[in-house]
Amino acid sequence: MTLANPAVRTWLKKHAVSGWTNNEHAAYAGSSNRHSPGDACKTINNGAGARNVQQFFLTSDGRVLDCLPGFWNPVDWLAEATFALALARVADDRTLSADVRNEKFLAAHLARITVARTGIENDSQLQPFDKRVEKHSGSDFTRAPGLALSKDELKSVYQVFHERMAERPYLPFERFDVAAYVEMGQRHYSYRDASPTDADPHPRSKTRSR
Amino acid sequence: MMHRLGSCTLWIALTLPRAIAQDVPELRFDGQATASAVRQALTDTTWVNDLAALRAEAQATGKLIYWVQLVGELNQDL
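First to last, the sequence lines map onto chains A and B. Using my numbering, the letters of the first sequence map in sequence onto residues 1 to 210. Using my numbering, the letters of the second sequence map in sequence onto residues 1001 to 1078.
Chain A extracted, bound-state conformation:
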């Protein structure tokens, strides 16, 4: 659980004003199986459910600092929230030109990929059915020739979302193209159509707290 995590709640109370909206009618929203409140929760990787949940960190005037696609465990959520605060300080620095601020934004998001905690790559992998969709040369989940450790290796959601954010420096929320940003994996997944290789459609993250 993330929003119920005490550290997350403390951060929100101290640093943010919070809001939400139901985007079920958005063209990019996913459509999968329905689950009742009584169904058991499962532990899942960061980034699962990108088409159904987007968690934005915005400046006070509504520019996008960071956007977590899907679900994120409390540890990594707090790391991104702290990162968003740092980006907000750059946005507020009036000694910087807009070009310099944007360059810092780009560099900061790309640097996140190299300074992330150990294990986040594994905890942020696409789910198996989403990997099948992204295994094509046009996907930004595929690595450049020579950089993949195996022919099936894809980038993590963590890496891809920071690369996508780097291309969108301090965009006003109204100009943020959510559909393109959450374009990853299947839009519809049915457990009845599960492949035998989908042993568990929600691989467990060892670091996700419950």
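I should point out that these hints are in silico values taken from the structure, not numbers from a laboratory.
Straight-line alpha carbon distances no greater than 20 Å define the calculated DMTMM-like cross-link-like pairs of lysine to aspartate or glutamate that follow:
no., chain 1, residue 1, chain 2, residue 2
1, A, K13, B, D1050
2, A, K14, B, E1057
3, A, K14, A, D61
4, A, K13, B, E1057
Given chain A's structure and the hints, the job is docking chain B onto it.
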């Protein structure tokens, strides 16, 4: 703190045992303990579904905006 969504609506959504249209399996309770924790978490935070109003409050307080878009209602755990 009272949430601005309308306490009646939100509490009804939290307490009625009904199948909620959810597109992601994680958006569900795993029992009353979790439901209670989520209810507590939600009441600790004031949730607003008007981004313009959030901007005004954020600029007045110097805080960031945390804005969640999701399929369904903010009555389950993220």
